[in-house]
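> Start from the sequences, fold in the hints, and give me the full structure.
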Amino acid sequence: MYGMIHKGVRQMVIDQLGEEAWSATERKLGIGPTELVTGMVYEDSLTIEIIAEAADRLNLDMENCLVEFGRYWIKFAERGSFASFMDFTGQDFPSFISNLDRMHLAVATAMPKAQVPSFALIKNSPGRMEVEYRSDRTGLEKFVIGLFLGLLDRFQRQGSVNVIGVTNQATIFEIVHDHKD
Amino acid sequence: MAVTINRDLLDHLFPANLFLDGNLKFSSISSSLRKHFPDIEVGSSLFHHFDMPGGNDWAYFQAHDGQLKILHLTSKCTNYKLAGAIVPQDGGYFLALHHVPTEKAFKENRFQISEFPPGDPRVQGLMLINLQRALIEESQDTALELAFERQRSVELLERISRIAGYMAHDFNNFLSIIKLNCDRLSRELGHDERLERLVSIIRETAARGSSITGSLMKLSHQRTDTLMPVTIDKLIEDNTAFLRTIVGSNVTLSVNLGGGEAQSIISHVQLLNCLTNLLINSRDAMPNGGDITITSQLRVAALEGTTKESPAPLREYLAIEVADTGKGMTDAVLSRAFEPLFSTKSNGTGFGLASALEFAREMGGDASLDSAPGKGARVTLYFPTVGQNIPGDALSDYNRNAGRFDREKVRILLVEDEPYALEALVEMLEAEGYEVTACETGEAALQANERGPHDVLLTDIVMPGQRGTELARLACAQQPNLTVILMSGYVPDAADIMPGWMFIRKPMDTTELLGLIKAASPIAA
Numbered sequence: 001m002y003g004m005i006h007k008g009v010r011q012m013v014i015d016q017l018g019e020e021a022w023s024a025t026e027r028k029l030g031i032g033p034t035e036l037v038t039g040m041v042y043e044d045s046l047t048i049e050i051i052a053e054a055a056d057r058l059n060l061d062m063e064n065c066l067v068e069f070g071r072y073w074i075k076f077a078e079r080g081s082f083a084s085f086m087d088f089t090g091q092d093f094p095s096f097i098s099n100l101d102r103m104h105l106a107v108a109t110a111m112p113k114a115q116v117p118s119f120a121l122i123k124n125s126p127g128r129m130e131v132e133y134r135s136d137r138t139g140l141e142k143f144v145i146g147l148f149l150g151l152l153d154r155f156q157r158q159g160s161v162n163v164i165g166v167t168n169q170a171t172i173f174e175i176v177h178d179h180k181d
Numbered sequence: 001m002a003v004t005i006n007r008d009l010l011d012h013l014f015p016a017n018l019f020l021d022g023n024l025k026f027s028s029i030s031s032s033l034r035k036h037f038p039d040i041e042v043g044s045s046l047f048h049h050f051d052m053p054g055g056n057d058w059a060y061f062q063a064h065d066g067q068l069k070i071l072h073l074t075s076k077c078t079n080y081k082l083a084g085a086i087v088p089q090d091g092g093y094f095l096a097l098h099h100v101p102t103e104k105a106f107k108e109n110r111f112q113i114s115e116f117p118p119g120d121p122r123v124q125g126l127m128l129i130n131l132q133r134a135l136i137e138e139s140q141d142t143a144l145e146l147a148f149e150r151q152r153s154v155e156l157l158e159r160i161s162r163i164a165g166y167m168a169h170d171f172n173n174f175l176s177i178i179k180l181n182c183d184r185l186s187r188e189l190g191h192d193e194r195l196e197r198l199v200s201i202i203r204e205t206a207a208r209g210s211s212i213t214g215s216l217m218k219l220s221h222q223r224t225d226t227l228m229p230v231t232i233d234k235l236i237e238d239n240t241a242f243l244r245t246i247v248g249s250n251v252t253l254s255v256n257l258g259g260g261e262a263q264s265i266i267s268h269v270q271l272l273n274c275l276t277n278l279l280i281n282s283r284d285a286m287p288n289g290g291d292i293t294i295t296s297q298l299r300v301a302a303l304e305g306t307t308k309e310s311p312a313p314l315r316e317y318l319a320i321e322v323a324d325t326g327k328g329m330t331d332a333v334l335s336r337a338f339e340p341l342f343s344t345k346s347n348g349t350g351f352g353l354a355s356a357l358e359f360a361r362e363m364g365g366d367a368s369l370d371s372a373p374g375k376g377a378r379v380t381l382y383f384p385t386v387g388q389n390i391p392g393d394a395l396s397d398y399n400r401n402a403g404r405f406d407r408e409k410v411r412i413l414l415v416e417d418e419p420y421a422l423e424a425l426v427e428m429l430e431a432e433g434y435e436v437t438a439c440e441t442g443e444a445a446l447q448a449n450e451r452g453p454h455d456v457l458l459t460d461i462v463m464p465g466q467r468g469t470e471l472a473r474l475a476c477a478q479q480p481n482l483t484v485i486l487m488s489g490y491v492p493d494a495a496d497i498m499p500g501w502m503f504i505r506k507p508m509d510t511t512e513l514l515g516l517i518k519a520a521s522p523i524a525a
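Chains as they are written, first to last, in the working numbering: chain A, 1 to 181; chain B, 1 to 525.
Keep in mind that the hints were calculated from the coordinates and are not lab data. Fair warning: this is a prediction, and the values are worked out from it, not measured in the lab.
Far from chain B by the CB rule (all over 12 angstroms, computed), these chain A residues:
{"no.": "1", "residue": "D44"}
{"no.": "2", "residue": "R57"}
{"no.": "3", "residue": "E63"}
To spell it out: a stretch of chain B is covered by chain A in this simulated footprint if at least three of its residues, at any positions, have a beta carbon under 8 angstroms from a beta carbon of chain A; those stretches are:
{"no.": "4", "segment": "108-116"}
{"no.": "5", "segment": "133-142"}
{"no.": "6", "segment": "145-151"}
C-beta: ideal position from N, C-alpha, C; glycine also.
Okay, here's the thing in structure tokens:
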């Protein structure tokens, strides 16, 4: 995965446990700034190793850590260099969700080695959405749940996210939220 | 053909649309435009808020020639731009416009995807630009972070290096005391074999400790070699077989030594390294074989700082030339040949010539290079000699000073802040027949030297108060013919050691130290 993910994990650990906890993580995994270059694509195994170590330090199991990290990821992206990219994608919850795929398409164009997922808004009614998620990677559904929860936070919505369908190719997420539009 | 579409769909297809009445006054504007122009009121004039390029033209709106009318508008207040078409509508006009992203609007992050019509190819472009900007910003942050990290690593390494140096210094002092006192014990014990064996065990253990401190000193980039008078011709002669192995079988190495017994105060290890580098350069310049000649001879020259107004003093030097019959160098290469990291070889480091020059200068000499395409290259190293070997008038203080004292009358000003080491050294030197003035500080040593001159200053470097190098400078100012021997397990700044000064690393071996003092007085020897 690309280095921005690693930077996000680092910031989450620093925010919650302090600089020293991250330094200890770096020492344990034998990584440093060269593993935190935003535009670099690293082996997935390294990313998983970093997240697993963060989970251990945050006293979370891997699944919960992925949810928490997905949620944190939105905060991390919106306060850094990618803030305007996020704003351009959408300034309200439904439009952001409906433009998620275009956002990822831009990322894939800019960083060809990044295997980005695709998102399709397949149902959209007031207060309820169904989003189809496809990815070459497996096991990141909890992270996607965290991302949607993070987006609900971003647009000051209350809601819940659940997986309502799984096929070989895709996972369907249901997002239920308080309707404000 | 007329198509009826509702307002929502219109806003979706033309997010930046607006309606004007026949007098070009706003009758309605889309929500997207409202966001960007909250001050526009229904009833206000188009040209109150916007300009057309080339001047505001009412007639352009009114002409009904059936042609598609393209419109460009620029906001009077914000330089914001819109473009699209004019559609006449019920005595007024429908303006089907779209946003033209300007640098300013983009910078202010005014847009979002929903302000562009579906399928608008500009959206992907804008997303990429947005992403590119973010990535550039991230790259800058990363570059700073990496630079900071590198700096931190360098600082950490320097700290470790300094700590290693101080540790080496302290251990070397202790080991020095142990070794010197082992020598005292040996002298006191006479021929008691059992006790002599115990002393040997202590001495050997100290020697093993010394090899550990040697590693610490290397970690702290310390000088570990001895600076002493070396008969360079003899050194080259003794190592000729080794030097021949460097040049290989298809290169002939000739050695013509003419320096005789002349000595220079240098590190013999570094001189051999230097010659090795020069021979490798020459060998690599002759891939198909050739000849290399090492020549030494005494020369009188004024090398440094010579100007018409203040000519440098003439000195005697031992010049060592390494000449080859290789392809030679162009003027461009020649002018850069001594630059560190400059190399014309694909596998070259660019350190060979640079380090030769640095070494020669550190020893008080210099280096020069002559070459031309097809005419080979000749590197000459100059090292100041001890004493005067070429008959004639005295050349300078430097050459005049050395070799003037008699061993029986040699007066040593000894400075050492470790009392046990001082005691052992005094006893050993006096036992060897030297006249010793012992001091524990540089300040006391200067006062002692004022009271009566000395032949040799033998001083530790790292001491509380005045450092040994500073003491040596001041003592030489008091007494220019003083021979300086520095002894230390740690040299905080190697550049402080002046050419012509000798250096011995602690823990010292008695024999080596006595040899150095003896070498410093060749006539007496």
